[in-house]
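Undergrad: Sequence:
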Amino acid sequence: MKKNCSLLIVIIFLISCSIWSNIQKKTIPISLQGSWGVRLYVRGGETLNHYVKNSSDGGKGYDYVAGAQEIINNYPTIGHVMTNATNNAKAHLWTLRTNENVDAVMGISGSIINEEFVPSLANEQVIINVIGKFKKANKKVILYINGMSPASRASTAGAQAWNDYVARYFSNDEHQAWMNLCEGYIKRFEKLGVDGYWIDAFSSYPGNDTQRAEFVQMIRNVDPDVIISTNYAKDYFKDSNGNFLKVDSDGANDTNKANYKIIKLTATDPWSDMTAGHITPLAQGAPPNSWAYEEFTVTDIKASPTTSYDGSKLTLKHLFLPIRSTWSNNRTDLMFKKEQAYRFVKNITDAGGAVTFSTTTDIDGTNMEDEENVLKYVDQQFKIKANPPKYIRPIGASLVGEE
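Each residue of the sequence shown is one higher than the last, beginning at 2 in this note's numbering.
You may find that some hints are simply not true.
[What the hints assert, rightly or not] Below 30 angstroms or equal to it, Euclidean Cα-Cα: the simulated DSS-like pairs (lysine-lysine) are: (1) K137 x K192; (2) K239 x K265; (3) K258 x K391; (4) K262 x K314; (5) K136 x K314; (6) K303 x K391; (7) K347 x K136; (8) K377 x K303; (9) K265 x K314; (10) K91 x K61.
Rather than coming from a laboratory, the hints here were simulated on the basis of the structure. Predicted model, so just to flag it, every value in this text is computed and none were measured.
Required output: the full structure, derived from the provided sequences and hints.
TA: Next comes the structure, spelled out in structure tokens:
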């Protein structure tokens with residue numbers, strides 16, 4: 002009798018563990034909490050064909066898969082990588098070609114709205130292989146999607162093709178057409194194991210907030226566990242009177258007369274699982290490694306790694322910043338030195354936040370050597386859990402109104 006009771010207890014325990022495990026899988030979302038990462042910018046559309054074509058054939062000879070492998074080899078402590086579903090800043094240029102939703106709408110297998118929008122069938126394998134490399138190395142993959150209308154930055158012929166497609170098949174409802182197109186690609190990315198989407202220019206989405214919510218829900222319907230971040234609106238630090246704090250000087254050698262606001266990582270919409278983290282726009286005169294980010298933005302993450310739009314959910318504080326003076330141009334100035342880059346990473350991740358450096362590619366699609374020198378140091382220090390160097394405000398740096 003005792004043996005039977007013991008066996009029954011064991012069976013109940015195992016069943017309970019199994020049920021609890023399943024509940025955990027369904028209720029604990031994927032998170033970048035405590036993660037640092039980098040970016041691999043893979044072009045999209047017909048542009049991708051030109052970038053990966055051999056230089057001897059008139060192309061650029063980029064090897065993005067080699068670039069992915071370099072990231073894996075050089076920065077083993079990163080937890081995530083951002084790469085591309087669409088081209089940066091261009092919603093019409095996709096890294097995949099075939100789309101079952103477009104096939105269903107147009108009634109022909111292999112249908113294409115316009116050749117400008119997609120790479121060749123052979124070259125869609127580039128992003129498939131890149132994602133595969135990162136997933137095999139146990140890195141979370143976040144894909145960039147530009148949220149504007151495909152017609153916004155397409156060629157005249159491309160914009161006309163899109164507008165004709167929307168008119169013919171969707172009765173001029175661009176929101177439904179765009180959502181349907183994206184869904185077809187997201188279904189494919191879900192099968193590749195993609196972990197999240199960073200949706201840029203969401204304020205320029207072809208629709209209103211109700212339709213934006215439908216777009217986000219569409220993604221969750223395809224992949225309920227996916228991380229979503231929308232670059233929709235920004236918040237900035239204010240003083241006790243409600244006025245924006247602004248940086249007057251970045252130091253004794255600062256020649257830029259522009260005064261800029263200081264980004265604050267606040268949930269500005271009900272959809273995001275992590276903040277977009279886009280720093281103060283560079284055009285305002287804000288350097289990506291601003292002392293003010295260390296003094297205010299990072300300090301705010303250390304105070305609490307989450308934020309909430311309306312109290313119904315927590316949004317992870319994630320900072321996204323270029324390592325150079327521009328977001329994607331490898332010819333511009335490298336802004337971060339080793340020690341400061343590590344201090345950003347260590348302070349943010351120790352607090353439970355997340356940070357992504359927008360890194361660039363060399364002229365062959367691999368990593369820039371000067372960026373590698375900085376980030377290898379970050380990786381090495383991160384691995385041994387070294388204490389970061391103490392932050393000290395640069396000499397001559399000040400806020401507007403400070404003496």
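Undergrad: Could you check the structure against the hints above and give me the numbers of any it violates, in ascending order?
TA: No hint contradicted; all consistent.
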